[in-house]
Amino acid sequence: MNTHLSPEKPTRRSRLTWLAYTSVIPIVVGLWAGGSYLIDQRVAARQLAEYLRDHHADDVWLEKRYRETTETAGTAAWSQILMLCDTPKGWDENQLPVLGQGELPQLPLKERYVWPEEQAVATYLDAMRPVLDLIYASSDVPKPVWQPLQFRGVNTLLPHIQGARSVARLLQLEAVHASYHGDAPRTMAAIQGLKATAEVFDLNLFLVGELVHVAMLYIEYEVIEQSLSAGLWNAEQLEELRGLLEQPLPIAEKWTKSFETEAHFATSLNAVLPGADILLSPRDRLTYLKQCQSIRALGDAPLGQLSQRAKQWEAGIRSAMDAHRDWNSAVQMAHLTLTPAVTQYAVALELIEYRRRLTLTAVALQQFKLAKGKWPVRLEELEEVGLSAEVWSIPSVGSFELEQTDGKVIVAANFANYVPDRLKPIELW
Amino acid sequence: MNRNLVIKRLWWKELQQLWPLVLLLLIIGGGLQALFAIVPTSYDAWNHTLIFVGLPGLFAVGAGALIVGQEKELRTLQWLSSLPISAHNILSIKLLVGLAGLVFVWIASWLIAGGTGDWPTTALRDIEVLPFVVHSFFVLSVGYATAWRLKSSFVSLLLLIPLAGLPLLLANLQAFSFGRAQQPEYINFWMMIYSGLFGIAFLWWGYRMGLRHLGPQAGMPWVAQASGQASVATLPFRRQRTTPFAALVWQFAMQNRVALLGLTAVWLLVALAASVDPTSEQIVFFGALVGSLACSWLGMSVFQSDSHDRRAMFLADRGVAPWKVWVTRQVLPLACVLLGLGVLAVMLPPEFGWMNWVASIAVALFACSQFCAQVIRSPIVGAIVAPLISAGFVYFLGVTLIFLFSSPWLVGLSVAVLWLGTLWMTRRWMDGRSDWRGWLSYLGMFALASLLPMLPFLSFWATKPRISSAERQRLQLVQQGSYTILPVEMVDPLPRPSEADVHVDVQAVDSTETGQETGDPPPRPMANDGDPEQLTPFQMSDWIERLEAVQRQFGEVQQGVPHGSIQRGLLPRLVLTRMHLQRGAAASPAGATTDEAERADETNASDETNSNDETNSNDETAELLRGYRLTVEVMLETCVRLRQSSKLPDQFSADHMQMGLLAELQVEETNAYLGPALFERVRAQLSDQAARDSGRRNAIVASWSQLTIADVYYTFGYTPEMSGNPFGRESWELWSKFDVVASHFLQLVDAQPSERPALRQRMIEQFGEFEIFSPQVPYLLTAEGKMQFLYGELSYSRGTASAWYGAWEQQAADLAPSQ
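Here the protein sequences line up with chains A and B, keeping their order.
Following our numbering, the numbering of the first sequence begins with 1 at its first residue and continues without gaps.
Following our numbering, the numbering of the second sequence begins with 1001 at its first residue and continues without gaps.
Calculated directly from the structure, the hints in this document are not laboratory data.
Errors might be hidden in some of the hints.
With the Cβ distance kept under 7 Å, some of the chain B side facing chain A (calculated, not the full set) [what the hints assert, rightly or not]:
#1 Leu-1338
#2 Arg-1474
#3 Leu-1477
#4 Pro-1537
#5 Phe-1538
#6 Ser-1565
#7 Ile-1566
#8 Arg-1568
#9 Gly-1569
#10 Pro-1572
#11 His-1580
#12 Arg-1583
#13 Gly-1584
A virtual CB, placed ideally from N, CA and C, is assigned to each residue, including glycine.
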């Protein structure tokens, strides 16, 4: 035997240590990591299945709920209205204000100020007069009104909700034109038509639908504000306008119901993110769905705090994405489809409520002027016409401000953190 | 010995050594090119280009090691140098064979790329091929030089990785120094120059090394001489272990220490590079390439080092259990892969979330390569071919997962089969047996590993809905008698300027005239009634003018249909005009409108003699009636033309238009507004079920025969919901689905009315929420026993056949004169 090659007998301890360092530790760690991952995904897959079962996350549930919360009596009439308003009619509406690029008349709405588009508007409204008549005739149907919808998860199209804007725009144009000519009954009919249209399509079911509803309310309030500038109204009509504005928006209810639907839509994530079923693990999907559910709980915040809480929620999601190593870009994309909308939706709901109160205050100011022959110096004086301070003063947000200048009075909501053009001051002459 | 004969024999010997590598490369390259052609991806062009330039590159990497390194390991060079053959002849022929092989592989690779039908690709037009050609020459030279210089051919291959990037590194350094780092043309040019110069230099150096090796003083490599150590084959004796397991691991570590350390270092480099900028395309590309190569070679190292010098048989002779050999060979390379993955996971930034995919790919590459290492006994051929086979297999697994919707568990099982396969075959491998049973076993296991992830797809293929040959024949039979007419959308006959003709020129209005200062009303814009040049588009006279122009177009364009804006406006304008008529009637004394209609009828009757009477009339009702009737006439003609169309969506449009006309007939006053002649024409068209069926039948078979996935919307009016890849199982599913759909459509058209509900139900059961047969959308709503149309539905397209044979159609058929 070659003694030169005879071994130095290593100790058992050194051998084991060497083996452990070189091979066993990485393999054990690898197996542990892989095994834990697989077990976690298995558990998550089971939880995901339970979650989907418990939340009835399918189109059948949505269809049932939609049927239960809508009425069919006005379906045919409003279907015809939508077709007549929303389908191209072989004419170009681009020249018109509201419907196209044309300009609205300046305020205050008076015939003595030139409105270049007036002739085209008048001809257009004449052509659409039967549609306006049909809207007014169909305003007292039970609401909201059912229209056919095919539920296909997140791909569900809402054609009639989107088309509702064109009905509101027609009514807005009619109201502005009537105010311009000092025609109070026509203006009032258009305003009431606007309110009815908003209610017809107020499904309390989809986030997109709620945003469209908010947009229609904006149109209604804007039209009332513009009509106030025209000085059309007598005491009785102003009281009627007050009645249209008294009911606050049920923000918490709208928030909860719309995000309940959105959480259902989130279960069909594959439609938004092609390949999400493969790219997203069950854990990722479950986490995403639970976060969608958690948005619902934000809705019971007091007025003025919803947007703050929504911002905090979004910041929490972002920090979780940064901190958690398992987030991959597909999950981030999934969140990006929802997160920007949460705060924006909260702000939209708050703003429309502020706008309602601002418009209501403006109507009360007009009532005061009509009753007393002068503008009030302070908003507190509006209690004489029955407007409580709760309307123009919002805790933790601020109060409206009143200013008199050059014979006109301006009521404004100078709240911080809100886009000014969505809450612009109302001027009364 | 005859010199010419010697040279011929040498050429023959070298070619014999080289052709298996060339053949394998071409087979794998051809396979990959074909795979990319069959299963295209969004990176098609680059994939094809990568294979085209990659094959010669891989040949260049392996040629030196194969021609020189293998002979050194087999000790045939010693025998060769003992023969009376000039060392210069041996060296130059080895070199020339390598260069000739490189030229051959370039040409063959070019032909293969052309043969797959994707040549020339966009990507190839975008890159310069010449730098790649010169670089492959450089790699070949370096491969020869390192193979002559180093003892281990595997280590020489490893050394090629850093050396291959030398020209690129220098070119980049030069570009950076001269401020031209953003100019790829400059870098490419200098990379080519450096590749050429260094290639020649390495060729010269390699030649010298070859001469030294073949010379009389050639002995043990300097490493062994300097250290005085014995070869790695003797190490198990030198350090005999009391624990065979640890001894085997130790022996494996010693005989692979360079490879393990080198490849782990490569892993660490990849991790380091990835931590710099994981979003950089270059880093991702090179990281993926180098990391994959490292994983694959680690897998190769499992069985490779025991394959030569009869080391495996040495262990078998001493009764070492195969499973112990298998485990001890796997443990260290696998640990290196996992260690590399761990470092990569730590180094990558938190927002990188694809670590599970990277780890899965690395493990799959490793598993496939260790399988190749046991099958391919030549370390050199294995080192070159295994990365390609492994990459191809992993790509295949990805295809089955993403395109064929395989289960991740089956894919995992497929990888496990490769491991179990080598475990099962370790005894045979240790015995050095290579018979047909062994090869068949390997082939069977590889086939099983390939088959497993395909099972869901094969199951789908076996059970997918399909039409019988009789149904196909029936479709083909109908197709023989079909025609192809595609209506042409005519231009807008009277395009209007977007600005209103009625606008007042605001600039022309003097500010004093606005009344803002005086308080007087400003001058109002003047009405422009009666001036045809200043019609507003909202006036009926404008609509009439447009429809008359369309009627003239009908006479000029045989297969023309109105411009889209007019076609879409027909139904709303019809309804709106009728509402105006009703409104006028309500405002006037009872019966006035009917009288007007009758008067208009008389006017129409006298049109032949005096066609200008109605146009010149100032009677608003008469104008409305004329507009109403013209709209109906244009709708009727448009319907006829759409019915002749071979496109299914056009049948859908015709359906909607006819539904709109039918809805009009529900209105009490319509009969009077239309007049008897036009009313009869409407009734005749609506009740003509045979014309509807004929148009549909033709469109079904025409759309079926012309169906392509890209224009499934165009032919079937259907937007498929796909998960993002239009080429995988979904596309096959779609093909098969539309075979069935076309067949069912045809059955629906030819069926008896009583059979149709069952046919619809069958489709719904087969395809679930299939849009074409969506049952949720009624076109007629029954409310208080009265039929009402949902006009909104006519504006938003649904499935092509969703309106076929609905209640509206029965109602239309009931209008037939006989009833």
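Cross-check of the supplied hints:
1. Below 7 Å, beta-carbon pairs count as interface contacts, and B:Leu-1338 has one with chain A at about 4 Å; its hint therefore holds.
2. With a cut of 7 Å, the hint placing B:Arg-1474 at the interface with chain A is violated, because the nearest CB-to-CB distance is about 31 Å.
3. Proximity of B:Leu-1477 to chain A is violated relative to the hint, the smallest CB-CB distance being about 35 Å (cut-off 7 Å).
4. With 7 Å as the threshold, the beta carbon of B:Pro-1537 comes within range of chain A, its nearest partner Cβ sitting at about 4 Å, so the hint holds.
5. Contact between B:Phe-1538 and chain A, as hinted, is supported at the beta carbon level, the nearest pair being about 4 Å apart and thus within 7 Å.
6. Among the interface hints, the one on B:Ser-1565 holds; its C-beta lies about 6 Å from the nearest C-beta in chain A, closer than the 7 Å criterion.
7. The interface hint given for B:Ile-1566 is met, as the beta carbon of that residue sits about 5 Å from the closest beta carbon of chain A, less than 7 Å.
8. At its closest, the beta carbon of B:Arg-1568 sits 5 Å from a beta carbon of chain A; the interface hint therefore holds under the 7 Å criterion.
9. A hinted interface residue such as B:Gly-1569 counts as satisfied when its beta carbon comes closer than 7 Å to some beta carbon of chain A; here the least separation is about 3 Å, so the hint holds.
10. With a cut of 7 Å, the hint placing B:Pro-1572 at the interface with chain A holds, because the nearest CB-to-CB distance is about 5 Å.
11. A hinted interface residue such as B:His-1580 counts as satisfied when its beta carbon comes closer than 7 Å to some beta carbon of chain A; here the least separation is about 6 Å, so the hint holds.
12. Hint status for B:Arg-1583 relative to chain A: holds, with the closest Cβ pair at about 5 Å, below 7 Å.
13. With a least beta-carbon distance of about 10 Å to chain A, the hint placing B:Gly-1584 at the interface is violated under the 7 Å criterion.
When each numbered hint is compared with the structure, violations occur for hints 2, 3, 13.
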